[in-house]
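Based on the sequences and whatever the hints tell you, model everything.
In case you want the letters, here they are:
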Amino acid sequence: MDAPGSGSLGARLERFLAAAEPSRGGRVVACDAITGGYSRVSARARVRWRNGAEEAFILRGDPPPGSGVFASDRDAEWELLRALPAATSVSTPVARWYDRSGEYLGSKAIVMDCAEAVSLQDEMARAADPGPLTDLFVDTFAAVHAASSERLPPSMPRPADWPGYLDGVLAGYDRMAGQYPGSAPVLRYVAWWARAHQPPPVPLGLVHGDCQPSNVLVSPSRPPLVIDWEFAHIGDPREDLGYYTQIPLEPNVYWADPKRFLDRYRAASGLTEDQVNPQVADYFLIIGMALLLEQLLAAAAAIGAGRRPGILASYLVNAISHQHDMFLAICDRLS
Amino acid sequence: MITRPTTDALIADCCQELTEEILPALTDDTLRLRLIMTETVLRNAAVRAAHEIAWMREETAGLLAYAAAVAGVAAVAAVADRDGGGEPLRAALAAAEACPADSLHLGDVARRYERAGEAFTQALAAAQRAGAADLVARARELLRDRIATEKQVMASYAVVGR
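From first to last, the protein sequence lines are chains A and B.
First residue of the first sequence: 3, per our numbering; consecutive thereafter.
First residue of the second sequence: 6, per our numbering; consecutive thereafter.
Treat each hint with caution, since some may be false.
Said to hold, decoys possible - Here are the simulated distance ranges between beta carbons:
| no. | chain 1 | residue 1 | chain 2 | residue 2 | range |
| --- | --- | --- | --- | --- | --- |
| 1 | A | R102 | B | E92 | 45 to 55 Å |
| 2 | A | A88 | B | L47 | 47 to 57 Å |
| 3 | B | D34 | A | R177 | 36 to 46 Å |
| 4 | A | P202 | B | C19 | 46 to 56 Å |
| 5 | A | G27 | B | D33 | 28 to 38 Å |
| 6 | A | P205 | B | T32 | 43 to 53 Å |
| 7 | B | D13 | A | P222 | 27 to 37 Å |
| 8 | B | G67 | A | R224 | 12 to 22 Å |
| 9 | A | A127 | B | D34 | 17 to 27 Å |
| 10 | A | R84 | B | D33 | 48 to 58 Å |
| 11 | A | G104 | B | D139 | 32 to 42 Å |
Said to hold, decoys possible - EDC-like cross-link-like pairs, simulated, lysine to aspartate or glutamate; straight-line CA separation at most 20 Å:
| no. | chain 1 | residue 1 | chain 2 | residue 2 |
| --- | --- | --- | --- | --- |
| 12 | A | K110 | A | D77 |
| 13 | B | K156 | A | D327 |
| 14 | B | K156 | A | D334 |
Hints in this document: simulated from the structure, not taken from any laboratory.
Yeah, the Cβ is synthetic: ideal placement off N, Cα and C, and Gly gets one too.
As structure tokens, this is what we get:
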């Protein structure tokens, strides 16, 4: 998809809609880049159909090849978005069309309905008491985790069992250590520690992969809408809890009241205190960050090799150091 | 060579130019975000430019000393040899020692530092396999020092644009 700020994206979308909905005569009356996403290139578009009706859409596409830090599979995301309404009680974006080849929009891009709603993160920041919004957030993700695996796309990888899944994640840390010498000492230590301190297992389920209130849109007129599914996978649902503990946006409602957060999650998920407690949430930061850390390391290595993924890759070198720091602190706290 | 301003001072001056003169004139949100990220990267680079050679050399000495100490513990070495970890440790140590120790060129220092890290990693693995808790604890202290240095570089970590 064109980079944000490109003036041609609206015209490209219009051509795409002419092919996707030839009888409706769609005209793009506005198309603006959305800043702030660290992964996909996103834009918001308003389309007026021949009959006078107007609709707003979100375009979500791949950045130009060789650029960007975080990689994900647009085909898989499209399949998942189409499957989610039947698989989960959670409200998800209505995926309308997919430029599967990138022929029209410049790269593979999904066009979905734009909801009239605001970020739960922003609502939490405005709230005098974020407690009720914390409960909403926790309940929403507990519902995500309860999705029916049978109704998820057959192409989604399904780990055989919990021990095998965890072993696979930790083997990933060994693989990263082999590839990225600057991080190897920390990663080898952390992987060794994590093997020796495994928490009790839970049933594997749908993991969102970027669990944070910024990815929940709220409105008085509709249930919460969970967006940004590109890193979703079947794994240990507690990865989402661990991942959220490192989100640095204020307020982080886990750290505001860990007891409330985890009590609520246990009540909503049916998991026990052995399975979900502050130590387990800490542990699953290590597990829940594995995929993104590998992509951060790959992007940093690309800069070192003379390629140029974009300024975000250089900027996020700090995030690697931040992960090192958090991982070792967890090893210390839980040892 | 012109010694003043030093590299870090030059970079700091660029940062000031970006934030005080160029950023206020930018109206495109995406470009503003990129510029803020760029300024952060430069600010971190200034810290590194001032200290990174010294930091890497100091840490290299500690990493190699640790690896040599582990290799020298007979009980650990025996377990490592039995598990196939002895040769990788010796090879990693030799590879690190083969790098020029006196060169202060950044590429040389970084290469030796990375190889010292590999020797340390092999040594840590050997200590872990042998259940040598004191050696594992000593490794943890070295990692603590490494993280302290990384934190000095990243200063105040914040996420912009989200």
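Okay, the hints, checked on the actual structure:
no.: 1; hint: A:R102 with B:E92: 45 to 55 Å; result: 50 Å, holds
no.: 2; hint: A:A88 with B:L47: 47 to 57 Å; result: 49 Å, holds
no.: 3; hint: B:D34 with A:R177: 36 to 46 Å; result: 37 Å, holds
no.: 4; hint: A:P202 with B:C19: 46 to 56 Å; result: 52 Å, holds
no.: 5; hint: A:G27 with B:D33: 28 to 38 Å; result: 32 Å, holds
no.: 6; hint: A:P205 with B:T32: 43 to 53 Å; result: 51 Å, holds
no.: 7; hint: B:D13 with A:P222: 27 to 37 Å; result: 52 Å, violated
no.: 8; hint: B:G67 with A:R224: 12 to 22 Å; result: 57 Å, violated
no.: 9; hint: A:A127 with B:D34: 17 to 27 Å; result: 19 Å, holds
no.: 10; hint: A:R84 with B:D33: 48 to 58 Å; result: 34 Å, violated
no.: 11; hint: A:G104 with B:D139: 32 to 42 Å; result: 57 Å, violated
no.: 12; hint: A:K110 with A:D77; result: 8 Å, holds
no.: 13; hint: B:K156 with A:D327; result: 8 Å, holds
no.: 14; hint: B:K156 with A:D334; result: 17 Å, holds
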